[in-house]
Amino acid sequence: MFERHPVSLTWVMPLALTALALVGPRLAPYPSSEQPDPAAAALLAPGAARDIVRLRDGRSLVLEGLHRQADDEGRRILVGRRLGGWVEVPASEVASVEHRLHRLGTDRFGRDVLSRLLAGARPSLAIGGAAALLALAAGVLAALAGATGGAAGSVVDWLTRGLLSIPRLFLLLGLVVVARPGPLGLTLLLAVTSWMPTARLVSGEIRSARDGEVALAARAAGATRARILVRHLLPAALPAALTDAALRAGDFVLLEAALSFLGAGIQPPAPSWGSMVAESTDVLASAWWLSLFPGLAILATVTALSFWADGLRDRLDPTRA
Amino acid sequence: MLTVVFLALEALPGQPTRAGLDPAHGRSAQRTQRRLLGLDRPLPERYALWLSGVARGDWGRSWSDGRPVLPLVASRLGPSLELATAALLVQYLAALPLAVASVRRPGRAVDLTIRIGATLLYAAPAFWLGLLALRGFALHLGWFPYAGLASVVPPPRPAGRLLDLARHLALPALVLGLSSAAGLLRIARNQLLEISREPFVLAGRARGLSEARHHGRHVLRRAAVPLVQLLGASLPWLFSATLVTEVVFSRPGAGRLAYRAFLARDQPVLLACTAVTAVLALLGRWLADLLHAGLDPRVRGV
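Chains R and A are the protein sequences, given in the same order. Position in the first sequence (first residue = 1) + 3 = the working numbering. Position in the second sequence (first residue = 1) + 4 = the working numbering.
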C-alpha cells in the first residue's frame, strides 16, 4: 500500500489540502468567532442543539429546549432554558430564531467546534504549506549561493551550521517576541528557521554531481560555471530536494500547530487547530471534544501528507523506492 | 578530534546573532525604560555589550523580576536534561527493536502495522498526545501525578523520594520519547533495509548465521554509526520538543522558563534559554561525534 500509488495521487493531495484551506472557512455552518450570548451555557457536548433568539432591541439569547406556548393571558411566548433557569420571551419582541446543531459540541465561549475546525483549516494549512514551499526555495537558493564558493559560500555555510544547532522552537519564540508577526510574518519566520536541511541536501547533491560525467561533458563543450550549475547540476539535485520537502511538509503543519498551541502563532479569537487544543487545557477533564477534534484534524492532515510524500518519492526517485 | 572542537567553536558565534535581532527596531513608547535597559544604544554596541557580558558570565537580568539570568536558567537545566535523557532512552528503546522487527520481513503484516503505527504517531502533535495522556492516565486513572517535578510534600525516605521523582517523570518522558521514536523508526528502518541488501549480509546468511544473530549483531552494528550521528544532529529538535512537553506537563525546566519568558516578553531570559540550549545541543553533538569516532575506526585517525 505504500509502494504503489496511482499517478494522479501526486497532485490529488496538495490540491485537496489547498481546496480545504480555501473552501474550509466557507463550509463552516456558523460564525467561528461569534459569541451570541456570552452569559449563556457554553461547553455543549457533541450533538447538542440550541436556539439563538434574536430580539428586536438587538440583544440575543441562547436558549436550550426552546418551545412556543401561550401564557395565562393568551399571548404567544417562547420558553427555553438559560443559565439553569427558564426564560420566557414574548413572541412580539422576537426578531428571529436560529436553530443550531453543534455536531462537534461548543467551546468555553459557546462557539461551534466544527465551524472553528473548518475556519481554522485555512491558517493551519496555508501557513504550513507556504512555509514549506518558501523553505524549499530558500534552501535551493542558499545551496546555489554556497556552490558559487567564495565569501557567499562561507556565509551560507556558517549560517546553515549556526541555525541548525539552535533549537528551533526557542528561536521562534524569541523571533515572535521581537517581530510580533501576523500570518504572513509567521510564514516567513517558519521558512527562515527551516531552510537549512534543504540547503544542506542540495549542496551535497551538487557537490557529488560536480565531478560527474555530465558536468565534465558540459565543461568540455565550453559551458560557463554558472550555466553548468543552473542547467545541469541543479536539475540533478531537484528530485531529492522535492522529495525531502514533501517528507517534511507535515513538519511545518506540526510546527505551526505547536506555535499556535504556545500562543505564538495565530492570535485569538481567530481559530487555528493548535490554539484550539490550547484553549481546551482548562477544561481537559470535562470537555473531551475540545482537545480531541483539532488534534485529529492535525493528525489526519500530517498522515495524509506522509502518504503523499511516500508516493511522490517512489515517482521521483525510483532507485530508492 | 581537533577538527570537531574547531567546528563546534566555529558554529558558536552563530548563536549571538539573535542578540542582533534582540530588542532592536523598538517601537516602544517608554523611552526611559528603554534607556534603563540600554535599548537606546545602537545595535552593534548592544551586541558587543551582550557578548562581553556573556564572556564574563553575566547574561544580564530578567526584565520581569530583575533576577540575574544565568543562575535562573542554570537552575532550570536539571529537570530539562532529566526529561530529555529519559525521553532519548524511551525513543531508542522503542524505535530500534521495532525497526529490526520491521525489516525482517519487509512488506508483510508486521512491517506494515509498525509503519502505519509510526506514521500515525509521527503525525500526532506531541502536545496533543501529552494532553490525551494527562487526561487518560493522570486525571481518570490516577496512575501518574498531574504536573510538576515532585510532590509538594516529599516522601520521607530517599527511596520514596526517588520513586516520586520517577513517577512525575514517567508520563512526559513516555510521551516525548514515543512521539520522537516515530521519526527515528522511519529512518532506522530505511537504513537497516539498505544495509541488509549489502553483500556481507548475504555472505553471513550463506555461512549459516541465524536471522536473529544477523539483525541483532551485524546489521544493527553497521547501522549504529549513522544512528549515532543522527542522535547528535537531532538534539536541537529534541530540546524544542522538550519545551512543548514541559509546558503541557507543567515541569519547571528550561523550556517552560523560555515559554514563560515568551509570555512576559522577557527577552534576556528568552535569549539566554535559547543560547544555553543551543550550546548544550552543540556539546551533545560533540559527544555524539566522539562516540562516532569510538565506533568507526576510520574516523579515529583523523
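These are calculated hints, taken from the structure and not from any lab test. The C-beta atom is built at its ideal place from N, Cα and C for all residues, glycine as well. Some hints here could point you the wrong way.
Stated by the list, open to error - Label pairs and their calculated CB-CB ranges:
| hint | chain 1 | residue 1 | chain 2 | residue 2 | range |
| --- | --- | --- | --- | --- | --- |
| 1 | A | L234 | R | L219 | 30 to 36 angstroms |
| 2 | R | E37 | A | R171 | 55 to 61 angstroms |
| 3 | A | G111 | R | G188 | 42 to 48 angstroms |
| 4 | A | L197 | R | W14 | 55 to 61 angstroms |
| 5 | A | V283 | R | E67 | 39 to 45 angstroms |
| 6 | R | A288 | A | G121 | 26 to 32 angstroms |
| 7 | A | T117 | R | A98 | 55 to 61 angstroms |
| 8 | R | W14 | A | G121 | 55 to 61 angstroms |
| 9 | R | G215 | A | L206 | 25 to 31 angstroms |
| 10 | R | P49 | A | Y150 | 35 to 41 angstroms |
| 11 | A | D69 | R | A288 | 29 to 35 angstroms |
| 12 | A | Y150 | R | L136 | 37 to 43 angstroms |
| 13 | R | L136 | A | L85 | 46 to 52 angstroms |
Claimed, not checked - Some chain R residues flagged as far from chain A (calculated, every beta-carbon gap over 12 angstroms):
| hint | residue |
| --- | --- |
| 14 | L136 |
| 15 | A148 |
| 16 | L176 |
| 17 | A239 |
| 18 | D313 |
Status of each hint after checking the structure:
| no. | hint | verdict |
| --- | --- | --- |
| 1 | L234(A) with L219(R): 30 to 36 angstroms | holds (33 angstroms) |
| 2 | E37(R) with R171(A): 55 to 61 angstroms | violated (44 angstroms) |
| 3 | G111(A) with G188(R): 42 to 48 angstroms | holds (45 angstroms) |
| 4 | L197(A) with W14(R): 55 to 61 angstroms | violated (28 angstroms) |
| 5 | V283(A) with E67(R): 39 to 45 angstroms | violated (57 angstroms) |
| 6 | A288(R) with G121(A): 26 to 32 angstroms | holds (28 angstroms) |
| 7 | T117(A) with A98(R): 55 to 61 angstroms | holds (57 angstroms) |
| 8 | W14(R) with G121(A): 55 to 61 angstroms | violated (28 angstroms) |
| 9 | G215(R) with L206(A): 25 to 31 angstroms | holds (29 angstroms) |
| 10 | P49(R) with Y150(A): 35 to 41 angstroms | violated (25 angstroms) |
| 11 | D69(A) with A288(R): 29 to 35 angstroms | holds (32 angstroms) |
| 12 | Y150(A) with L136(R): 37 to 43 angstroms | holds (41 angstroms) |
| 13 | L136(R) with L85(A): 46 to 52 angstroms | violated (36 angstroms) |
| 14 | L136 | holds (20 angstroms) |
| 15 | A148 | holds (17 angstroms) |
| 16 | L176 | violated (4 angstroms) |
| 17 | A239 | holds (21 angstroms) |
| 18 | D313 | violated (9 angstroms) |
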